[in-house]
Amino acid sequence: MILLQSPSRFLLQILQDRVLSGEKGMDIDCHTVEFDDVRYHIQFSMRNPKVMVLSVALPLPPPEAILYDGLPLGAIEAIKAAYGPVVQILDPPKDGFDLTMKINLTKLPLDEEQRNTILTQIASIREVVLGAPLKLLLKHLASKTVAPNVNNLVALVHRPNESFFLAPQADKVTIVYPMRFQDSIDIVLATSFLQEFVEARRTAALNNVPSCMWSPVPPLELKGVSADALNANAGFVTFVVYPRHVEGKKLDRTVWNLLTFHAYVSYHVKCSEGFMHTRMRRRVESLIQALDRAKSDAEKLKKLVHGGSFKRLSLKNEGDSRF
Amino acid sequence: MDALSRPAVVIDNGTGYTKMGFAGNVEPCFITPTVVAVNDSFSGSAQPAVRGTPARGNWLAQHSAGVMADLDFYIGDEALARSRASSSHSLSYPIRNGQVENWDTMERFWQQCIFNYLRCDPEDHYFLLTESPLTAPETREYTGEIMFETFNVPGLYIAVQPVLALAAGYTTTKCEMTGVVVDVGDGATHIVPVADGYVIGSSIRSIPITGKDVTQFIHQLLKERGENIPAEESFDVARRIKEMYCYTSSDIVKEFNKHDKEPSKYIKHWTGTKPKTGAKYTCDIGYERFLGPEIFFNPEIYNNDFTTPLQVVIDKCIQSSPIDTRRALYKNIVLSGGSTMFKDFHRRLQRDLKKIVDARVRASNSRLISGDAKAQPIEVNVVSHPIQRYAVWFGGSVLASTAEFYEACHTKAEYEEYGASICRTNPVFKGMY
Chain V
1 MILLQSPSRF LLQILQDRVL SGEKGMDIDC HTVEFDDVRY HIQFSMRNPK VMVLSVALPL
61 PPPEAILYDG LPLGAIEAIK AAYGPVVQIL DPPKDGFDLT MKINLTKLPL DEEQRNTILT
121 QIASIREVVL GAPLKLLLKH LASKTVAPNV NNLVALVHRP NESFFLAPQA DKVTIVYPMR
181 FQDSIDIVLA TSFLQEFVEA RRTAALNNVP SCMWSPVPPL ELKGVSADAL NANAGFVTFV
241 VYPRHVEGKK LDRTVWNLLT FHAYVSYHVK CSEGFMHTRM RRRVESLIQA LDRAKSDAEK
301 LKKLVHGGSF KRLSLKNEGD SRF
Chain P
1 MDALSRPAVV IDNGTGYTKM GFAGNVEPCF ITPTVVAVND SFSGSAQPAV RGTPARGNWL
61 AQHSAGVMAD LDFYIGDEAL ARSRASSSHS LSYPIRNGQV ENWDTMERFW QQCIFNYLRC
121 DPEDHYFLLT ESPLTAPETR EYTGEIMFET FNVPGLYIAV QPVLALAAGY TTTKCEMTGV
181 VVDVGDGATH IVPVADGYVI GSSIRSIPIT GKDVTQFIHQ LLKERGENIP AEESFDVARR
241 IKEMYCYTSS DIVKEFNKHD KEPSKYIKHW TGTKPKTGAK YTCDIGYERF LGPEIFFNPE
301 IYNNDFTTPL QVVIDKCIQS SPIDTRRALY KNIVLSGGST MFKDFHRRLQ RDLKKIVDAR
361 VRASNSRLIS GDAKAQPIEV NVVSHPIQRY AVWFGGSVLA STAEFYEACH TKAEYEEYGA
421 SICRTNPVFK GMY
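Chains V and P, in that order, are what the protein sequence lines are. Using the numbering used here, you'd call the opening residue of the first sequence number 1 and step up by one each time. Using the numbering used here, you'd call the opening residue of the second sequence number 1 and step up by one each time.
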C-alpha cells in the first residue's frame, strides 16, 4: 500500500507556491537530497521571479551502465517530450550536477488543471531522467518489438554504484535486481521480506501481476556480468514483465515502481523494524504491569515513604554512574 | 559518497509544528503540524489481552490488525484532513508540552517525515534532532534508540532548542553565545539563560502560559460573546484568528478606546463554511486581537493560578544567574518560537523589562551615600529576527553544516559499543549531571 509517489513533495510545493504567489519574488537558493543520492539545487533570483533554475545530480553510475554525456539514454528527448517549451536545458550543467534546466513559469498553461499536471511532471524530474531508458525499452515491449541496437542484457543505474539488469525480448522483459543492504539486521529482514513478497504473488487475486522470483544466487540471465556487480547480500529478485503490464497508462507507473524497487523494500524493512519496536514496548509495559500487580501492599507503602523512584547517586557508585 | 559529504537532516519537533529540512538551507523544507491520525478500528483490538490465554485465531486477528494499524496512518495536514473527512481515524498528538508522550506515534511520525516528506534514506544522512531543555535523560536515550535501531542513522546529535535559537542569532548579528532565550512555543514556554553556549541549568524557568493558552483564551472570548462559530471547528478557528490577526498593544486601556472609537478600522471579520452543512457563517474579531497576546504580560486576565507576568519571570531568571553573566544576559534576550511572532511583541517585552531594571538601578542609587560610585545603567535588548518562527531549526541548520558537527555526533559504532546511554548526557549541560 505504501508506494512512494514519483513527484518530489518539496519541489512541487516550491513550484506551486511560486505560481500562486503572484509577482513578488524572493531569492531562493536551496539544496535537497533524495534517496539514492539524487540531489536538487533550486534557484530563484529576484530579477526573474518566474524563472527557476533547477539542477539535478544523479546517483553515481556503476561501471557497467552506459551513459551518454552523463545522462541515461534518451533522457534529453524525454525531457523535451514531457515539458515542451516550459523547460530549457542549459549546457553545460552546473558544477557538480548532471543536468541543469531553466523552467519558465510564465509559459505554463493558464488552465489550472493542465498547469498542475505539468508542475507535477516537473517535480517528477527524477522519473523522467532516470526512467528514460527503461521507458524506451518497455515501450518497445508494448508494441512487441525489441529496440534496435540494444544488447541482450542492459544495465541501468539503480542506486549509487549499483545497477539492475534488463533482458529485453520481443514478448517479455526480464528484470533482475541484485539486492544489497548495509546493516546485518536489515539483510535478514529484507531477505525474509522478499521471500514473503514472492509468496504473496502466488495468491489468486494477484494472477495478472508480473511474475516474481527470488533466489540467493544470480539467475541465469546474468551470465557474463562482472562479479563485482553480482555480490548481493540479500539475494536476487527477478520480475518478468509482459506487454499487458505496460499498456497505455500503466507504463508510467510500471517504470516508476521498477525504478524505486530498492527504496520500496528498504522502506518496508524500516517499517517492520518500527512495528517490532512498538510490539516490544507494549510487551514490556504489560510485563511491568504484571510485576506491579504482584507487589505486596507493604512494598508499595515503602516506595511511597521513600518518595520517587529515581536512583539516588551516592559517592559509592559514582564511578559507574557515568553510563 | 559517504554520509559525511551529504547534508545532515535537521528535524525540530515542536508541540505544535514540526520543522524539517536539510542542513545548509535557510528555510526548512516542510513545516507541518505534529499530529498523527491513526486508524482506530484496529488499535482497539491490537491491545494485548489482559489475562488468560486468548485463542489462537484471536491472536492471529490481533496480529494482522496490528500490522494494518501499523500501515494505515497519516501525519501533518493530511492527518487533519483525514480525521475531518472520516470518523475512522483519530488524531494523536505525540508531543505534549514539549515532551514526547507517545513513542509509538512519534516513531511513526518520524518514519513518515523521513520517507514520505524528505524522501531520504536515513542510512545516508547524519541527523540533528532537538529537545526542550527540561527533557529527562531517559527521553534522550529513547530517541537515540529509535534513531539508531529503527532508522539505522549513521550519526545523531540531540541539540537543546534554546542553544540553537541563540546560534540562529549568532550568524545574523555577531558572535554572541551568551543570552537569554525566551522560547514560547505552542505547548511549552521556557526561559533559558545560556552563557558561552552552556545552559545555566539551575536558572531555567518555565511558565504555564503557552501558545495553546492564547488560542484557548481567544476561544473563550469568542464563546462568551456568543459568536456564531460551529462548535466542532471553534478551536481551530480561534487558532487561525490568533495566527492571522493578533498583535501586542502597548497599553490595553488606550487600545480599548481606539477600538471603541473606530470599530470599522479595528474589528475584523472571519468567514468560514460549516463543515457539516456547508453553509457560510461570519463572526467578528474584536478585542481578542490584542487581548490574546496580553496574557503573557498580564496573566491574571486568563487564569488565577499563575499571575507572574513574563517580564518578571525573565528578570528573576537573570537575577538568579551568576552575577558576572547578568549584564550580558540583559543585553541579549532572544525570542524564538511561533508564539513570539505577534507584532511588536519584542518592543513591549523590552519596554516592560527595562522598567523593572531601571527601577532597581534607581532604588540602589538612591540608597547610596554621596561620593559612592553610581551603578552603570543596564542595557536591555530584546532581539527579534524575521526567522523567529523557525529560529531553532535555522540554528540547527547552521550548526549541522559546520565540520565540527560531525565530530560532536553520536555515531552508530559508538551506539553499538556502549548502547543508548551515550545519548544520556548532553555536553551543553556540563556539570549538571
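Source of the hints: derived by calculation from the structure; they are not laboratory data. Ideal Cβ placement from N, Cα and C applies to all residues, glycine included. Any given hint could turn out to be false.
One-sided excerpt, in silico: chain P residues whose CB lies under 7 Å from chain V [stated by the list, open to error]:
# : residue
1 : Arg6
2 : Cys29
3 : Asn102
4 : Asp104
5 : Glu107
6 : Tyr117
7 : Thr150
8 : Glu243
9 : Tyr247
Partial list, derived from the structure: chain V residues whose beta carbon lies under 7 Å from chain P [said to hold, decoys possible]:
#  : residue
10 : Asp27
11 : Cys30
12 : Gly70
13 : Ser184
14 : Asp292
15 : Ser296
Here are a few chain P residues that sit away from chain V, every Cβ distance over 10 Å (derived from the structure) [as the list claims (entries may be wrong)]:
#  : residue
16 : Ile146
17 : Asn152
18 : Gln220
19 : Glu232
20 : Thr271
21 : Arg326
22 : Gly371
Results for each hint:
{"no.": "1", "hint": "Arg6", "result": "holds (6 Å)"}
{"no.": "2", "hint": "Cys29", "result": "holds (5 Å)"}
{"no.": "3", "hint": "Asn102", "result": "violated (10 Å)"}
{"no.": "4", "hint": "Asp104", "result": "holds (5 Å)"}
{"no.": "5", "hint": "Glu107", "result": "holds (5 Å)"}
{"no.": "6", "hint": "Tyr117", "result": "holds (6 Å)"}
{"no.": "7", "hint": "Thr150", "result": "holds (5 Å)"}
{"no.": "8", "hint": "Glu243", "result": "violated (18 Å)"}
{"no.": "9", "hint": "Tyr247", "result": "violated (23 Å)"}
{"no.": "10", "hint": "Asp27", "result": "violated (9 Å)"}
{"no.": "11", "hint": "Cys30", "result": "holds (4 Å)"}
{"no.": "12", "hint": "Gly70", "result": "violated (16 Å)"}
{"no.": "13", "hint": "Ser184", "result": "violated (10 Å)"}
{"no.": "14", "hint": "Asp292", "result": "violated (14 Å)"}
{"no.": "15", "hint": "Ser296", "result": "violated (20 Å)"}
{"no.": "16", "hint": "Ile146", "result": "violated (7 Å)"}
{"no.": "17", "hint": "Asn152", "result": "violated (5 Å)"}
{"no.": "18", "hint": "Gln220", "result": "holds (34 Å)"}
{"no.": "19", "hint": "Glu232", "result": "holds (28 Å)"}
{"no.": "20", "hint": "Thr271", "result": "holds (20 Å)"}
{"no.": "21", "hint": "Arg326", "result": "holds (31 Å)"}
{"no.": "22", "hint": "Gly371", "result": "holds (51 Å)"}
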